[in-house]
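These protein sequences, in sequence, are chains A and B. Quick note, the first sequence lines up with residues 1 to 351 if you use my numbering. Quick note, the second sequence lines up with residues 1 to 610 if you use my numbering.
Simulated from the structure, these hints should not be mistaken for laboratory data. Wrong hints could be hidden among the right ones.
Unchecked claim - In silico BS3-like pairs for lysine-lysine, Cα to Cα no more than 30 angstroms straight-line:
(1) A/K18 to A/K6
(2) A/K18 to B/K444
(3) A/K345 to B/K394
(4) A/K326 to B/K444
(5) B/K419 to A/K6
(6) B/K419 to B/K198
(7) A/K326 to B/K259
(8) B/K482 to A/K326
What the hints assert, rightly or not - For each label pair, taking beta carbons as the anchor points, the in silico distance ranges come out as:
(9) B/D400 to A/E325: 20 to 30 angstroms
(10) B/K419 to A/D103: 19 to 29 angstroms
(11) A/E325 to B/R250: 31 to 41 angstroms
(12) A/H279 to B/A413: 46 to 56 angstroms
(13) A/D281 to B/Q266: 39 to 49 angstroms
(14) A/A292 to B/E171: 41 to 51 angstroms
(15) B/A413 to A/L19: 52 to 62 angstroms
(16) A/H279 to B/A465: 51 to 61 angstroms
(17) A/D269 to B/E538: 51 to 61 angstroms
(18) A/G121 to B/P323: 23 to 33 angstroms
Glycine included, C-beta positions come from ideal geometry on N, C-alpha and C.
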Amino acid sequence: MTYLAKPKLHHPALPKNKLGFTRRDYEGAVSTLCAGCGHDSISAAIIQACFELALPPHRIAKLSGIGCSSKTPTYFLGVSHGFNSVHGRMPSVLTGANLANRDLIYLGVSGDGDSASIGLGQFAHVLRRGVNMVYIVENNGVYGLTKGQFSATSDKGSKSKRGVQNMDAPIDMIGMALQLGATFVARSFSGDKAQLVPLVMAALHHHGAAFIDVISPCVAFNNHVGSTKSFDYVREHNDAVNRLDVIEGRAEITADYAPGTVESVVQHDGSVLRLRKIHADYDPHDRISAMAFLQERQAAGEIVTGLLYVDPEAHDLHDHVETVEKPLNELGEAELIPGNEALQKLNASLR
Amino acid sequence: MPQPIASTNDFVVKFANVNGSGSASANLLFAKSILRMGVPVATRNIFPSNIQGLPTWYEVRVSAAGHLGRRGGVDLMVAMNPQTWAQDIASIDPGGYLFYDSTKPMPPSKFRDDITVIGMPLTEICNKAYADPRQRQLFKNIIYIGALAALLGIDAAAIEQLIGEQYKGKEKLFGPNRDALHMGHDYATQRLKPISLKVARADAVGDRVFIDGNSAAALGAVYGGATVAAWYPITPSTSMAEAFQRYCRRYRVDPATRKNRYAIIQGEDELASVGIVIGAAWNGARAFTCTSGPGLSLMQEFLGLAYFAEIPAVLFDVQRAGPSTGMPTRTQQADILAAAYASHGDTKHVLLFPEDPYECFELGALAFDLADRLQTPVFVMLDLDIGMNEWLTKPFQWDDGHRLDRGKVMTAADLDAGKEFGRYLDVDGDGIPYRTYPGTHPSKGAYFTRGTSRDRYARYTEEGAAYVDNMQRLLRKFETAKKLVPAAVRTPAKQPAKAGVIYFGSTAAAMRESLAALEGQGIHLDALRLRGFPFGTEVIEFIAAHEQVFVVEQNRDAQLRTLLMTEGGIDPAKLVPVLHYDGTPITGRFITGAISSLLRAVKPLREVAS
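When you get a sec, could you build the whole thing from the sequences and use the hints?
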């Protein structure tokens, strides 16, 4: 980390988005993570995605659990409210926040320790409820903040920095997310910004539970030979199924692509996801084949990345519990309190 | 044989049934018919952790004097469960009555000679009248209610009216139930000997209502403006969540869109439930969870976060007997310390102690105002006895002029007007800072909420001085809470008294009865019913004004007494514990016996000392 404060002034020619904000307006405090940490690249991708989508920063709520990844919300979206909750429990806090005000955008940031071990239950249930959010796991296969213990996503046979081999089977968060009904599932790599930024943008536009597993190497404890989550290993085994562009509103596709290589997906809010196919046969609308494909490639030691599954017409928790359009936290006495007359009627029925 | 017990409007009927046999609604009908005759009843379900097959009992205390606590003892046993026959027969007071199904002959050794035995061939009657086994079972219950009505002089028309209300618009169900009722009534009138227990019309019920505390608390949550509820099923709190759902369907659906002005989530566990509540409350909605002891244990870590991050969460703890799974269907007041000091580190929480369903409603609604005002978790401490039993209680009232107190919330207009915002800044000395809801203002008022130490402007810090500053402010806030929680209610003795008694929650009804009984023995006690924690000055002053104070509670370890000692700096010798913790609701008889024998034991010592 650096100890120098960020300068407040910035170059007058910095590009501005539709709202007149520069990229700097989406930044947060200076990161206290290790120099070169993959998590900082993810923070940068979140900043870039929010800037490009011209989201009003204060309308985003960022929530996290405990761990290195969960520290990162301090380092982006400095004018957004944030909540660093307890270990493994971000999903429930986010669910409650979302219920209180359906109009904000919810960004949950967690790690593999936070979500795949102590928080595995909450991870599962927040997805099956279809909470409208972007849930990012910054997955480095290691407990960084407590200095290098294996996490539950460490691959079997993967070696720790001290040379100990992990003998436990890994938890595959993507496989779980697909099985549990997440309606937007993607995997990316912190070292591939070109892939990650559009995925975050598309997820922010998704109406429903969007989950992104981002392999994010830990430079301090899990970036050595023998690790399956090192920069080198991920680069060598990254098997992208598609590349994604995100277009706001219904825009025509003007670029020239070979037939059958591009698919346009229109999401609920009108945003268009333009998918350039890399694996010609990969269908990101078929949950079951996606699961089979991922299992097969994983067994071959490959790390499948890209937009793996999307249901453009997904429903969220508010749809399920049929709440009113107005945020619950804005309802007043007239809408909430039945009054004394109703109470007297009730009394009469209790005699 | 002793003289058969003769009493009008003052006796206990106990029904021994098999769980899942449909007896509950018939027994409730019996209780309500007595209420309709203007005679107060106190009813208690004694049920197992089971759906079908295990024994269950229902006690109806008929009390013209209006005693709502459990009395103890049985005057009339309605023994419908062969499994518990021996213990049921044994539990009848000498001179009492046994009503049983005499279809199958029983040897005289199965009975007692100091009770009046009333046999009625219920199975035989049902088998003759009904072909369907389920009908035989269900109508048997109604038939015995009809017979009891005849024996006790309960107006059959009152029962018929109740059945009519129950099956309003369902003539197919009403007719057969009415017929079964008369079948029983006619049989008893013609064939059974009259008994000396009688219900006589009175005017002692007034405008009171009959409802369980969990439903009343749920109603309190509706009137308290709760919009988010998250819960995990656990006896004895489950029926509160279900009641909230029921009331929300009635009162909280937008008439135009049919959409809901509430969200109820059945969490995957109690951790998630309280997490959802904390997230919703952080984001400006009023939210609650309802649970019992094991759930409260699971919520500990989150409660520390809510305390330290200053989140207005509301928890309803319907207490049962612990530790561990304990006796899940038996009552206790045993979570007092676990709630008061929930979580690790230095924490203290606000507690409210409702005495009956009326206060479950009143304090249940108040909890949301208090939580928002104090920005801290607030616990409403019910127990199984109040929560799951129907009580005769004051009719609910609501002041339509009441505005929800959302506490110190800074708005976009405040921020634009240049008001200084520091999330943990105590601007007016009451220890309560201002907060902003997420999304309030494009450039001002955002802050980071965390469970780690921070300065007055919510900036992360591990500086000792900033940590102490914050912890001291939280203590100031707790001082403010003393003035906001409902004050203790004092009932002075008829004569100046040297000794006092402190009690709370569901003990209140038994305590009132006991105070009158003690007075009859010449023992005069000033009484103080606690309604909240932290304790106000009136509590400390009450203790100071007496030589000796009995602390009556329903747990083994005298938890409230510990809290009084710790928080009030009270000399332990001054606080004499009176403890009842066998899982049954405390009785007036128990308190009277315990206090009078304690006084007998203590008095000679005192004489020697003086």
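Hints versus structure:
{"no.": "1", "hint": "A/K18 to A/K6", "in the structure": "holds (25 angstroms)"}
{"no.": "2", "hint": "A/K18 to B/K444", "in the structure": "holds (21 angstroms)"}
{"no.": "3", "hint": "A/K345 to B/K394", "in the structure": "holds (14 angstroms)"}
{"no.": "4", "hint": "A/K326 to B/K444", "in the structure": "holds (23 angstroms)"}
{"no.": "5", "hint": "B/K419 to A/K6", "in the structure": "holds (26 angstroms)"}
{"no.": "6", "hint": "B/K419 to B/K198", "in the structure": "violated (71 angstroms)"}
{"no.": "7", "hint": "A/K326 to B/K259", "in the structure": "holds (10 angstroms)"}
{"no.": "8", "hint": "B/K482 to A/K326", "in the structure": "violated (36 angstroms)"}
{"no.": "9", "hint": "B/D400 to A/E325: 20 to 30 angstroms", "in the structure": "holds (26 angstroms)"}
{"no.": "10", "hint": "B/K419 to A/D103: 19 to 29 angstroms", "in the structure": "holds (24 angstroms)"}
{"no.": "11", "hint": "A/E325 to B/R250: 31 to 41 angstroms", "in the structure": "violated (21 angstroms)"}
{"no.": "12", "hint": "A/H279 to B/A413: 46 to 56 angstroms", "in the structure": "holds (54 angstroms)"}
{"no.": "13", "hint": "A/D281 to B/Q266: 39 to 49 angstroms", "in the structure": "holds (40 angstroms)"}
{"no.": "14", "hint": "A/A292 to B/E171: 41 to 51 angstroms", "in the structure": "violated (58 angstroms)"}
{"no.": "15", "hint": "B/A413 to A/L19: 52 to 62 angstroms", "in the structure": "violated (22 angstroms)"}
{"no.": "16", "hint": "A/H279 to B/A465: 51 to 61 angstroms", "in the structure": "holds (59 angstroms)"}
{"no.": "17", "hint": "A/D269 to B/E538: 51 to 61 angstroms", "in the structure": "holds (58 angstroms)"}
{"no.": "18", "hint": "A/G121 to B/P323: 23 to 33 angstroms", "in the structure": "holds (24 angstroms)"}
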